[in-house]
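Chain by chain, the residues:
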Amino acid sequence: MSKKKVFDDPSQQLFKPRGRMLFFKYFVLLFFIILGTRFWFLQVVNHDHYVKAAENNRIREIPISAPRGTILDREGRILVDSTPTYSVVLYQEDMVDRESTLQVLIKHFSLDRDSLIKLIEAPGAKGRPVVIKTNASYRDRAWIEAHEFEHPELKIELQSQRRYPLGEVLAHVVGYVGEIGEEQLRDPNFDYCKAGDIIGQAGLEQSYNKILMGKEGYRRVLVDSRGRVLQQLEEIPPTPGQDIVTTIDLDIQKVAEEKLTSSGFYGTVVINDPRDGGILALASHPSFDPNLFAAGIKPADFNRLINNPKHPLRNRAIQDRYPPGSTWKILMAVAGLEEKSVTDKQSLPCGGGITTGGRFVHCYSSHGAPDMRRAIEISCDGYFYREGIKLGIEHLEKWEPLLGVGVKTGIDLPNETKGIVPTRQWKRREYPKDPQWKEADMVYASIGQSGVSTTPIQMMYSITGIGMGGKYYTPHLFKEARATEYSPAIIYQPKLRDAHISEETWKVVSDGMWRVVNGSGTARRAAIPGFDVSGKTGTAQVVGIQTGAKGEEKEHAWFVSYAPRGAPEIGGVCLVEHAGHGGVESAPIIKACYEEYLRKKQGVSKDEVVENNSKDSKRLNVKAVSLVNTPNLNSTDTTTTVTAKANNAASNAVGVNPVRANQLVKSPQNSAKPSLPNQNKPQSNKPKPNANAITTSVSLQAKTKPVTNKPKQSNNLTNEGRR
Amino acid sequence: MSIIVKEIIRWRDFDWLLLLATLTLLTLGTIEIYSSVPSTGIFYKDFWFKQVTAIVLGLVMFTGVVLTDYRRIYNYVPHIYVGCILLLVAVFFFGHEVKGQKNWINFGPMSLQPSELTKIGVILALSRYLSSLRKTTLAWKDVGVACLITAVPMGLILLQPDTGSAMTFVPVLALMLFMSGFNLKIVIAAATIAIIGAPVTYFQVLKPHVLKPYQIMRIEAVINPELFEQPEFRRQYGYQTMQSVIAVGSGGLTGTGITKGTQSRLGFLPEHHTDFIASVLAEEMGFVGSISVLLLYLFLIVRSIGIAERSRDRFGMLVILGFTGLIFFHVFINVGMVIGLLPIVGITLPLMSYGGSSVLSMMILVGLVVNINLRRFAN
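So the sequence lines, in the order shown, correspond to chains A and U.
Just so you know, numbering that gives the first Met the number 0 puts 151 at position 152 of the first sequence, and the rest follows in order with no gaps.
Just so you know, numbering that gives the first Met the number 0 puts 132 at position 133 of the second sequence, and the rest follows in order with no gaps.
Bound conformation, chain U alone (with noise of 0.2 Å):
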């Protein structure tokens, strides 16, 4: 069996530039956590060592991930679900608190973020599920079993309590619902009564009944951006946004420099080595910073999409368009909120923003992208 795989690899298969342009990603992410958060002066307690630590285990992982047939892995797939979600319940138990949240479970010196691990098992779970169906078009009744997939760990996730992360999974579900062949037509009429309903209910429920001022103003300030200049709206809409938002703007075409950012250094944005970490970049390399960023991501997705479309089977064509499907709401959600479009809701940029969890999960599924596009005419 492995004898069947050996001989099919083909090396000249492996995705360099999608394993370039995470690393790329990945490297910018550290040299801005290194320029933004203030050195404790030993170098392993700083955060962007840390990072790299997490990088360099990441690629590790990778690397197993790559060498393992993810045909094997898919054996694996409700072993793996199962210990995500018994991580989740550990956490209740043996997690720590961070401000009102129990994310963490400690290993020794590493801390373990089991709701970023939690992302993979369930793609894992979906793909596995959905491309068992062999139908061309899902009864309501896998859409219900998808779903239950889904909440059971979402669930645990919005108990910790972290509803940034547990939201992750609607997207990447709906998505693959999507691509499993859920009903066009449904699909068309939500979207059309989404986009006729919107704006409709928005003006005509929503305003005058529903919402407070300060939520209208925040709906409204993304057309109208001069809202940002009253101090009323300041004050509600909130400081952070507003400070990211001058962190961007002042960053201009070319930035201001790696660690001269005075947005960061001086302690305005926000979570800026998280959450935030797109406003440092815009701010210290600029215009010129952002659009690379977004197209790299954007490379990441269009690239990934395009293995799926070659992807030998569905199972493996599945688990890419989740991990298209998660990048692609968490760079949308995190950067639309640094640059004030979007509330603030506790996303991360992955690759990017700090986190050993969250770049450790995000490279094994990058791998998982490598591994299948490695293996389309293996047999």
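If we strip away everything but chain A, and leave its shape as in the complex, we get (with noise of 0.2 Å):
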């Protein structure tokens, strides 16, 4: 056979290829041992990497959005909260094809593609759950859990959207929220925060983000290759931001904005308590809704607020700077007494004006030679002409930043604006043809014209300041973030500057703004009688000086002032863009705002508790006024009560003020200024920064509140104090 042939051939021996066959061999396990190297690497060295890896393949974590903390106002009611709402969400790593997501998201929710590119395109957008749609519908929630097996790219998740129910009221003290922006990102202050986050973007929204946000929870999930989810591993539950109570008033805020809305003008309105510095009210009219922010800003709305030329945005408060006429006079005032280059008892003459600078610089009638009270009474510009030139202007700048002016007030809203004040700094920056400061410059500055130019926020910081004798507290909205299971309660501390007004000069001074509203001055119109207003009006020129201008032309009015005079408890600054004279168009609504408050004092003393409070506080007042300097003999009862009560956010229409009860008790041997005597002020007049926020607070309170309770007694004491 064929086999046999084959098979017994000795050539079949003739070739053996053993050397090849070693080669072979060796070229075998050459490769064998690559391989076994590569296993060692990838197994053994670098075995904890690929474990992450393939944790991160098939476990994922799907956030949960904390719920963004409530913003109350002083007496817990609802200013801005956050509604549940479904979101349509997009997770880029498990989408397999992008032109069949798009197209589904196109069809089936209506979105439109450019915008969808747009989304997910955005940097960081690839490794992030990206929000498609907010506001899902019940068609959308549906479709995409019956599609889960085809897309399951697309999820549904709960998130909590901002709710502003008071609309365009307090929009600007509030803010609005937003998605984080790129250079946000990047700034350290944000570290906190990563892509995608809605984050306060304006208001207290924005100036207290950290508290309100809280932190995201997650779900960890397996998941398998496409993003289904197969089963959850473990919840970490959302850590919830912060409430915060702000020391906004209600009803005084809506009294303020319904006021200054139904004038007709633009301007704003501030009212706040000279005692810590809280903001009671803060209306900026025009206003806008931060609703139209809360899921996200379509570009049109974003656009018309931006490009409306009355600025809807911008908190005229703090953000915009007017001249502010004749209330500079106020701060001349001060200036020109603690400076010592006038006497209150001496007199100017008005003159009707004052020639300077080859010019004659007109006052707006013919007063004669008042002194300093009366002058500030009828607002004569002549006196203040000289006064001015007397002070000079580098007395004058001195007393600029001590009196808040030229400066940030530190309220805790973004973006303010610290102003234009008088100097010869300024006048060199602006006029760098005629550096020089003169007289004419002087009797300018003198009345709030020329180069003076402040923020209604720093006129009412000066002027309830310089009517607190010198005690400025600086203005904030925050008065306490509630603790949570998570988080500790922060309670806000009253910031004290004291610019040290002596009280020569502080008598003076409000017993002239005292007489512009209760006098024969020019703002009658905020009187309100047994309480004591005391203020001052501006008519602030705005193109030139021109009388019986129109319209845009007309000046800005302003009414700043604090009440009852000797013992301020509230105090506020209105002021209305074009509208004429301060006295006829602010002070009404200044005077609103104040009855508002009083209506509210009262009311709360009609409630049983305070009513024994009072009777308490009376028993306290007799002791205290026999003992002085140990004002602090409260009842253990009268503690207890109010204590309680001052933790109800209800009853705290008065903040916390140490000096007050001092005064009061001191009052009648002295006179109201509301600042302490050199004697007693070791004692009680600095409210020391205390560690132990809670039980001081209280405490403070405990000492206070009776006597608040009491507007008579106080008006009383300050009118004997004026005499």
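Bear in mind the hints are in silico, worked out from the structure with no lab data behind them.
One thing to keep in mind: the hints can contain errors.
Said to hold, decoys possible - Covered stretches of chain A (chain U as the covering partner; in silico rule of three or more C-beta atoms under 8 Å from a C-beta of chain U): (1) 18-24; (2) 29-39; (3) 43-55; (4) 215-228.
Ideal Cβ placement from N, Cα and C applies to all residues, glycine included.
Grab the two chains, each in its own frame, and use the hints to assemble them into the complex.
Below, the structure is given as structure tokens:
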């Protein structure tokens, strides 16, 4: 057979390539060593890395958004809260075919292609869930759940959306929210945020974003290679943001908004409590609806707001500057008296104006030769021209920052502007051709015109501070952040700065301001019998000096005030643009706010608990009067009642004011100046920053509360002080 | 004649270790198929069961092959070769299509992949042709004929189209030519040119002019595995390689345990029961498992080469060397792909990947090796 032939042929044994086979053996061995080495590196050396990679593969963290804290007014009424809404979210890593996903989104969710592409191609959008549609309807949700298998990249997530129930009311204070911007992401202040986070972009939402925001939770789930959830491993609940109680009193706020709106002009009203700087109301008109921003503002809406010539997004109280007009005279008066360039009894001629720099600058009338009090009362320009010249720019410059102008007040709202005040440096900078500070400059500056441009809140801060005898409390809106399961409460500590205004000065200037309202002054429309409103109007010329101007050319109407005169417990500013006279347009708005404040105060005093307190406080008062230097003689029961009450935000018409109790205690012997004479200062005047915030503030309130419930008494005292 | 054969066989020459290594690999493969493919609930429809069936059938074939003197098989080599070709042609008419490829012919409940059987046919045909030449140095004409023998089935497989399977014939042919006395000078010259020329060509011609960026990345990732971390690269280089590398790496020293491999069970690994079975094994049995498998293959190859050295004739030697070449090429390409050293090509891991035809043909080949060893003193 052929088989035998072949295999018996010796030639079959001829060639046995042993060398080549040996070579092949080593060749195989070499390649297997390569494979084995690679296994060693993958499985032993870099094992941990790949374990993590495998985990990332199959374990996914699905974020659970944290509810943002609510913003409340001082009585616990809701200013801003959140509502749960459903959002359609896209996980791009699970997307198999971008085009088909896009088609689905366009077809079933009526979205437009360009904006979708913009969303999914945003920086960092690849690695995180992208919110494709907010406020998903029931239909949207049903569709996504029904197509979970085909489109695991689309998911429905419950997210909380901001709700601003007040609409335009308080819009500038609460601000609005929006997705974090690219620049903000790079900002180290936002290191606690990540791309896609909704953060506060204006107002309190921005200032206290960190407190309000909370921390996202997540669900750790096991997914398969298409991103379909197989099993939930654990759920880390979100840490909700803290609720913030503000110093706003919604009742007063509403009155302010209503009056301002109904005046028909644009402008701003701010009401504060000079005893701790808490803002009770802040209205700026025109306003906007922050709800527009809540679900991501549409470009058209945003452009409309931005391009509106009236700038509704601007908070006029802190972001816009206006010449303060005659309200500035109060600062001139304080500086003049303090620098002893005039005395209170010293009369300066009005003369119907003054000749300076080769021209005659008018006073609006002719006032003879008033003294300081009278000059304030009648707002005599002529007096202040001369007073300003006597004072000199170098002294004015010194007092400007002390009285809180030309510097930021430090209110806890973003984007405050610091304004412009007359200084020599300003003159050099603004008029390089005429850098020398001249007498004419001083004349204009004296009545708050040329070179003076302040924010409304600065004027309020400045003049209520003067009313407080130089005790400046930084204006603020934050009262406390309520404790949650995860975070302790944060209580605002009033920040005091003392401008050291002498008592004599304070007496003269506050007398003058009292007369503005209650004498023959310019703001008689603001008078409230028994409440001793004191203040100063201003009518700030806008374009040159024109009389009888109309519309846009008309003057800005200012009214800055506080009440009651001896021991201010409320203060405010009203500025109405192009409205005319401050006493006519602005003073009634402030008055309405004060009346609301009083109504509420009396309303509260009807409360039984507080009635008891009043009785106690009388007793306390008697005791306190007899023991001037130990005012903290409260009975235990009063303390507890009031403490309970104080914790209830509803009773908190009066803030923390250690000065207050002492004032009343000693006022029979003394003038009603709210700051204490020197001998009493060490014990009482300066609230010390204290570590134990809660207890201290409660005890302070216990001290102050009974007294503030007795407006009548305080009136008596202040009247006495005036004499 | 058969009397002679019976007289010569000594059963202690039966290479039990070779069979044992083969069965171990088959068992490991079946375990990982069981582990990575979720059960259908009906055991006879499960992949692991089908694999076990194929192994049992394979053992029957193995026994049949061992009991038949390979020198008798020699006579039927042309028939086997032609039969393979006919099957390959039949695939075009009766084959059924999976993922655009016509690889299978259905025989009732079983389906056959002729390209797997063709591997045996081509090895046998080449061995017979090259052993009959009786030369120490091959002439160009001989080389041409050998190439033709390979090219016909290879071309048919390429038409299916199954590039991966077709490719396996090239190293088998090369090795068999080399072992049949292909001019060593030419081999050395070619190797030298390749070793020197490859980097030069790559850096001077291919990289700047020919290759696309993603192809360059693929090549360079072999040297610089950090490229895997770049998302850009992942997209280009392929999701599959990345997932496979993650699976291997997450196995660690001892592995996650059978059925605990998340990469395969949750569907991150593609083709986990066929092309990426080594990845599943590496994940679930760890470094210990993967090295064991490599050693088993190495044993199989080295032991087979030893048998080839001792074989009593060139035909037997060449059959065994063809088999080792096939195994080596398959293992290196497949494992290299699984651990991210080589780009993805559809080449299975012999003896371990799921696939009845592959198991059958491999067991027949192992049977031939054992057969040749058994009859090395036969006359």
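Here's how the hints hold up against the structure:
no., hint, result
1, 18-24, "holds (count 4)"
2, 29-39, "holds (count 8)"
3, 43-55, "holds (count 8)"
4, 215-228, "holds (count 5)"
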